[in-house]
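In this text, residue positions in the sequence shown follow our numbering: the first is 1, and each later residue adds one.
Derived from the structure by calculation, the hints contain no laboratory data.
Computed from a prediction, not measured in an experiment: that's the story for all the values here.
For every residue, glycine included, the Cβ atom is placed at its ideal position computed from N, Cα and C.
Errors might be hidden in some of the hints.
Only pairs whose alpha carbons sit at most 30 Å apart, straight line, appear in this in silico DSSO-like list of lysine-lysine [unchecked claim]:
1) K74 with K59
2) K59 with K82
3) K24 with K82
4) K59 with K24
5) K24 with K74
Quick list of the computed label-pair ranges, beta carbon to beta carbon [unchecked claim]:
6) R62 with E31: 14 to 22 Å
7) E20 with D45: 36 to 44 Å
8) W52 with D86: 18 to 26 Å
9) T70 with A101: 42 to 50 Å
10) D45 with K74: 34 to 42 Å
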Amino acid sequence: MFSAFSSIDYRSIRANSPAETAVKRLNGIGEVLSGLDISAIHTQDDMTRALWTLDTADKCIRMILTEFRTAPAKEQVVREAKRLVDLIELARDESRTIATATGF
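Let the sequences and hints guide you as you build the complete structure.
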């Protein structure tokens with residue numbers, strides 16, 4: 001999972017603008033989140049790991065938004081960040097459903 005994070009900054013170096021750099025970083029976070037399979041949660045440890053991943057991704061997204069809030073074309077960054085945050089919230093909702101059903 002962490003190898004996806006290590007490649008984010010490398011790819012961002014090739015960006016043409018600050019907004020493109022931010023979007024590339026957000027896409028890297030999206031790659032990590034796409035590997036998260038909520039339906040594979042079977043234990044409390046699985047649940048803890050999934051929630052930790054979601055929380056970390058959320059914090060990274062907020063840091064990127066803060067760093068690039070004054071960049072030109074920031075609307076593109078905000079749009080991509082909002083899409084990821086919405087997906088994180090959906091995954092959290094699914095996690096809560098699983099936790100309720102399994103008694104975690």
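Going down the list of hints, with the structure as the test:
{"no.": "1", "hint": "K74 with K59", "in the structure": "18 Å, holds"}
{"no.": "2", "hint": "K59 with K82", "in the structure": "13 Å, holds"}
{"no.": "3", "hint": "K24 with K82", "in the structure": "15 Å, holds"}
{"no.": "4", "hint": "K59 with K24", "in the structure": "16 Å, holds"}
{"no.": "5", "hint": "K24 with K74", "in the structure": "13 Å, holds"}
{"no.": "6", "hint": "R62 with E31: 14 to 22 Å", "in the structure": "18 Å, holds"}
{"no.": "7", "hint": "E20 with D45: 36 to 44 Å", "in the structure": "38 Å, holds"}
{"no.": "8", "hint": "W52 with D86: 18 to 26 Å", "in the structure": "19 Å, holds"}
{"no.": "9", "hint": "T70 with A101: 42 to 50 Å", "in the structure": "45 Å, holds"}
{"no.": "10", "hint": "D45 with K74: 34 to 42 Å", "in the structure": "38 Å, holds"}
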